[in-house]
Each structure stands twice: as C-alpha cells, then as structure tokens.
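2 protein chains.
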Amino acid sequence: MKIAVIGLGLIGASLAKSLAGRAEITGIDRDLDVVGMAMRDGVISRGGDDPSLARGCDMAVIALPVGSIVDAAGSLLPHLDPDTPLTDTGSTKARIAREIESLWPCFVGSHPIAGKEKSGYCASQPDLFAGRPCIITPGLHTPQGCIHRFRQLWESCGSHVTIMDPVQHDRLMAVISHMPHLLSFASMGLAGDLHIHRGLLGAGFKDFTRIAASDPVMWRDIFLDNSGHVLKLLDDYVRELGLIRKLIEGRDAAGLEERLRTYSNIRRNLYEDNQ
Amino acid sequence: MKIAVIGLGLIGASLAKSLAGRAEITGIDRDLDVVGMAMRDGVISRGGDDPSLARGCDMAVIALPVGSIVDAAGSLLPHLDPDTPLTDTGSTKARIAREIESLWPCFVGSHPIAGKEKSGYCASQPDLFAGRPCIITPGLHTPQGCIHRFRQLWESCGSHVTIMDPVQHDRLMAVISHMPHLLSFASMGLAGDLHIHRGLLGAGFKDFTRIAASDPVMWRDIFLDNSGHVLKLLDDYVRELGLIRKLIEGRDAAGLEERLRTYSNIRRNLYEDNQ
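Those protein sequence lines, which keep their order, are chains C and L.
At position 60 of the first sequence (counting the first as 1) the number is 60 in the numbering used here, and the numbers step up by one without a gap.
At position 97 of the second sequence (counting the first as 1) the number is 97 in the numbering used here, and the numbers step up by one without a gap.
Simulated from the structure, these hints should not be mistaken for laboratory data.
Among the hints, a few may not be true.
[Stated by the list, open to error] In silico lysine to aspartate or glutamate, EDC-like type, Cα no more than 16 Å apart, as pairs:
1) K206/L <-> E272/C
2) K246/C <-> E257/C
3) K246/C <-> D235/L
4) K232/L <-> E249/C
5) K2/C <-> E99/C
Extracted from the complex, chain C is given alone in its bound form (with noise of 0.2 Å):
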C-alpha cells in the first residue's frame, strides 16, 4: 500500500512512524530539510516538496495546520487518480469538509485527538495514536468505502475511532479543546514577572498553563475557522466570570460556596476517578 503524507510535522510524521513496515510513505513538505531527515531516518520511503509525488497513492493524508488544508488539496488533487480516498488531520472539521468535499467526493476530515505542546518533525512518535480517540466526520454523500478505508488506517495505529458530523465535532471540540487552550493562553496575560518565583510554580498552575506552550500557527488558525463556537463560549464564559465576580464583591459566602460546589459536582462527574 502506498500512501501520500503532505506534511511532516507532529501527526504527519507520527503517522508515517506508525505505519513503519506496513506502508510505503511518500512524504510531501516544503521543508527539504525535514523531508531529508525522514528520508534518512527511513520514515518515508521518498519524498519532496512537489505535489506531484503523490501520483500512483492508494491513499492520502493531508497533515497540515487548519489554515493550509483547503489549499494544500487544491494543489494536491490534480495528481491523484479519480477515488483515491483523501483526508486531513485538521482539529476542526466543518469549513474543511465544506471545501474539499466539493472538489473532491472520495474525501472524509479526521482528527486525531493526539496532540501535545511540542510540535513539529522532531516531536513525533511511532505511539502517538495508540489508545487515543480519532473522530472521523463523514458528509451526506461521503462514500462508505472511504470512511472504512481511513476507519481501518486509524483503527492500524491503535486510534479508538469514533463518527461524528463535522458541525457537531466542531461544537464539542469548541468546549473541550479550543476553549481550554485560549483560556491559558489568556492566563499568560497576567503572568508577567513570574520568573523571579519560578521554585513556586506548582502543580495546579504547571497543569493549568501547559497547553499554553502550544503552536501559535497551529491555534490561530483554530480559533479563527472555528470563530463561531469559539466566540460564543467566550461570551458564555465572560458571563460566567462576572457572576462569580459579584459573588465575591457582594461577599456572598453561601452564594460562592453554592457555585463552586456545583463546578466541583460537574468536574467529578465528568471524571469519576476524581484525577
């Protein structure tokens, strides 16, 4: 089987480690020196920055940041022969879907919920899917065979797959990701001349602010094509603080109390082991 990578960063490059021996990967980046390294750390079998490389693929895996995908296609389809399944592995799903779905009906998105802080060639990992979820977003019209195709490609690196229409991925993702995320990047706002007590930054505030070092392309493109949700929540989450606010300004021990109580419920709930 011979599949077409485009984009050798942390998923690209995980996914082409992952599928060592069972795969014959075509690398594609703009960066020949990544494309080098892979090449010699025998991750991809050949490779280049050409888009025409791809030609003769069973499959291809678009792994560019969300702003780069639609385009990335546009340059990527002309190659490939007519049903080749295609997808990406963007974080958002719907606008991505809307475009190449258009262009190209053997197409259906992926995300691999499998992301960390450290991006890049260098960060991946032959395990990064294994036991981690991987929602595939399928249109109306997306045809079975596709989905099954990258259904087994995900489910071959040990991925838990799960569908989901793209519009309703991007709403879940807007509360359990791109909010997390813009929250502690936020946080850094007030986190200014921290350095002098660096030997104080525990846990609780380590946890917290970790997804805080994560890409900055990567997340702009994120909260921009999944603006709509995004801006929402944060209204949602502005009111909320304000409530809170009032509560400690009016000095309202039961009203707080009551408040945090029911945060703490949900979070338990959430998770039962309470980590």
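Once you've looked at the hints, dock chain L against the given chain C.
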C-alpha cells in the same frame, strides 16, 4: 516534643503522619470520627474536640480552612503557655497574620504548597510535603526564634522553605494559584452535557480542569479572603480575553498569531523544560 495540630484534614493529618516517631501529636478536630480514626491509625497520641487539650504543648499548628483560622486561634490561645510558637497553614496570609499577631506575638504564618484536589483525613499522606515549597510569612515584629522553629519543622518534613512578606505572598498566590482555580472552576460552567462524550475528554481538557474538582469551602474562603488581588486579576483577565475576542472577530490573523506567540513564549520561559 509535643505538638498540637488543630484540624486533621489533608494538611494537618499529613503533618502528623510526617512527624511520626519524632513528636508526640495531640490532634484537635470537631469531627470526633476523624479523631478516632487518627488515634486508631497511631497518627496522634491523644485527641478530641476541645482546644484545652493543647495545654502543655511545645508548639501549635492550626490546619483549618482560611475562614476558620482566626476563630480557632481565639479558642486555642487561652490554653497555651505564653511564648508557645503558633502557626497556621492557610493559603492566604495577610489578614490572618495581621489578626493573630495582634493576639499572640509568637505567631508566624505558614503556607505549605502541597494541596491536591482530594481533601480530608483520608487523603493525607506522610510524604505530602516532601520536595514541595513552604512559604513562611513573618510580620515586622515576629521573633526570629519563632520563624526558626517553624522553618525547622517544615524542613524536617521535606519542605523547601521560602520567607516572604504576607502581602507579597497573597499577591503572588492570586496569580499562580487562586486565579487558575477560579478560571478552572468557571470553565465547568461550559461543560453541561459533556458526559455524553466522556471518551473524548483527553489530556488537555483533563489537565486544564483538574483543579476544578477542589474543595468548595476551602476555595470560597480563599477567594473571599484574597478578594482584593483576585478581583483585580479577574478584571485584567477579562480585558485580556476581550483583546483576543477582538482579534478573532476582526479575523486579524497576524495580530492573533503575535499575541499567541507572546503567551507561548512566556509559558516556555517559565518552565524551560517546556513540560
């Protein structure tokens, strides 16, 4: 050495366990079931709910939620010999230090930064303080001998002791502990129906919201006690969110990327290992 520990929750009982074999602990807690458990476990050698049990001790530690510490000191002090060193373990320091110092010259506040989301006697452990910071917050007139006694006590439990002014302590904690908790609590307000997607709630969300499971009474007291710093930071934070909102809504990709890069760099510089 005889030490009275008032409050046998996570901090008080962990201190008693950590001192096992090196001190004789009198445990005072209004919950007699907990006192009974601590007796049976050999964590304390005597105990009950009556502050007069502290009579004759060489030092005393009040390990109660922030809102109960000054009252507990008021009930305890009539039973202590003059010059008995007294500390508390509250997460806020300025008000408590001011109020107790006026009653008892040989008082100095402590803040062992060793909390976790679970609270109460059953969560206590002898190594809770090992390798963790502990801040001691003397006032202008605190006797050096009193500071020295508690520095020794915490160091003997494995803590790394830092000395800091109580007001500076509260300002710092508002940024690195109180705000992250408040923001994490509030994010549960967006999490209404997430239980149906439990399998997808991966590491980013889990870490970001972990501290939202914390004890509501403890945090109610902290937010109210440190309201000055917390409300100011809350306003700063909402302003920061407003700036991000504007960049997303105006689709200012360059501006958004620049801001995210600033945040990401602050985080990376704080934790140079980038974890």
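So, going through the hints one by one against the coordinates:
Under the criterion of a C-alpha separation no larger than 16 Å, the hint pairing K206/L with E272/C is consistent with the structure, at around 12 Å. Under the criterion of a C-alpha separation no larger than 16 Å, the hint pairing K246/C with E257/C is consistent with the structure, at around 13 Å. Taking the CA atoms of K246/C and D235/L, the gap is about 12 Å. The hint holds against a cut of 16 Å. Taking the CA atoms of K232/L and E249/C, the gap is about 11 Å. The hint holds against a cut of 16 Å.
Between K2/C and E99/C, the direct Cα distance comes to roughly 25 Å. Violation of the 16 Å bound is thereby established for this hinted pair.
Checked against the numbered hints listed earlier, the structure breaks hint 5 alone; every other hint is satisfied.
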